[in-house]
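There are 2 protein chains.
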Amino acid sequence: MYKVKVFVTLRESVLDPQGTAVKNSLHTMNYNEVSDVRIGKFMELNIEKSDRDVEEVVIEMCERLLANVVIEDYRFEIEEAVAQ
Amino acid sequence: MYKVKVFVTLRESVLDPQGTAVKNSLHTMNYNEVSDVRIGKFMELNIEKSDRDVEEVVIEMCERLLANVVIEDYRFEIEEAVAQ
Numbered sequence: 030m031y032k033v034k035v036f037v038t039l040r041e042s043v044l045d046p047q048g049t050a051v052k053n054s055l056h057t058m059n060y061n062e063v064s065d066v067r068i069g070k071f072m073e074l075n076i077e078k079s080d081r082d083v084e085e086v087v088i089e090m091c092e093r094l095l096a097n098v099v100i101e102d103y104r105f106e107i108e109e110a111v112a113q
Numbered sequence: 030m031y032k033v034k035v036f037v038t039l040r041e042s043v044l045d046p047q048g049t050a051v052k053n054s055l056h057t058m059n060y061n062e063v064s065d066v067r068i069g070k071f072m073e074l075n076i077e078k079s080d081r082d083v084e085e086v087v088i089e090m091c092e093r094l095l096a097n098v099v100i101e102d103y104r105f106e107i108e109e110a111v112a113q
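Residue numbers (the numbering used here), protein chains in the order written: chain A, 30 to 113; chain B, 30 to 113.
It is possible that part of the hints are untrue.
Copies of one chain are not kept apart here, so a pair can be met inside one copy or by any two copies together.
[What the hints assert, rightly or not] Quick list of in silico lysine-lysine cross-link-like pairs, DSS-like style, CA-CA up to 27 Å: (1) K78 - K34; (2) K32 - K52; (3) K78 - K32; (4) K34 - K70; (5) K70 - K32; (6) K70 - K52; (7) K78 - K52.
Hints were generated in silico from the structure; no laboratory data involved.
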């Protein structure tokens, strides 16, 4: 089995209202040293071994569902889980 | 300046309906090798140097705003950004 971590973030050029809202809240709570906040998605997937190449499967899933490639970037880390 | 990455995930014991919905969609798209999906938040913060210890500031912000510690776990990575 593979443990895959997928990070989906808004492209730099895309406005991040959620990040701005969190930054403003942090300033209100006196954390003025925070100069920028960007918020994205973090997904942990367990993928069983199959005849398909796991990296190709992950790229396909990101391109088709997990990320909106028009406004988001994605990257991932694949780890082979030791059978328990 | 510090570049901080914060990962907020639901506790193992907490049901993840969003993750289940994504898993079901992936199965519908024929990615049956996916056995589990957990979805969390991924935040990138830029924090200016101040007289406060950056790790303590990050822990405080997580405990007070960035994570709901009743149902979520958080972890973070702190990187010192090289001045450009």
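These are the hints, each one checked on the structure:
1. K78 - K34: Answer is within; shortest intra-copy Cα gap is 16 Å, inter-copy 30 Å.
2. K32 - K52: Between copies, since 14 Å is at most 27 Å while 32 Å is not.
3. K78 - K32: within (11 Å within a copy, 35 Å between copies)
4. K34 - K70: Both: 10 Å inside a copy, 12 Å across copies.
5. K70 - K32: Both. Shortest intra-copy (16 Å) and inter-copy (17 Å) distances satisfy the 27 Å Cα cut-off.
6. K70 - K52: both (17 Å within a copy, 15 Å between copies)
7. K78 - K52: between (41 Å within a copy, 16 Å between copies)
The structure is consistent with each of the numbered hints, conforming to all of them.
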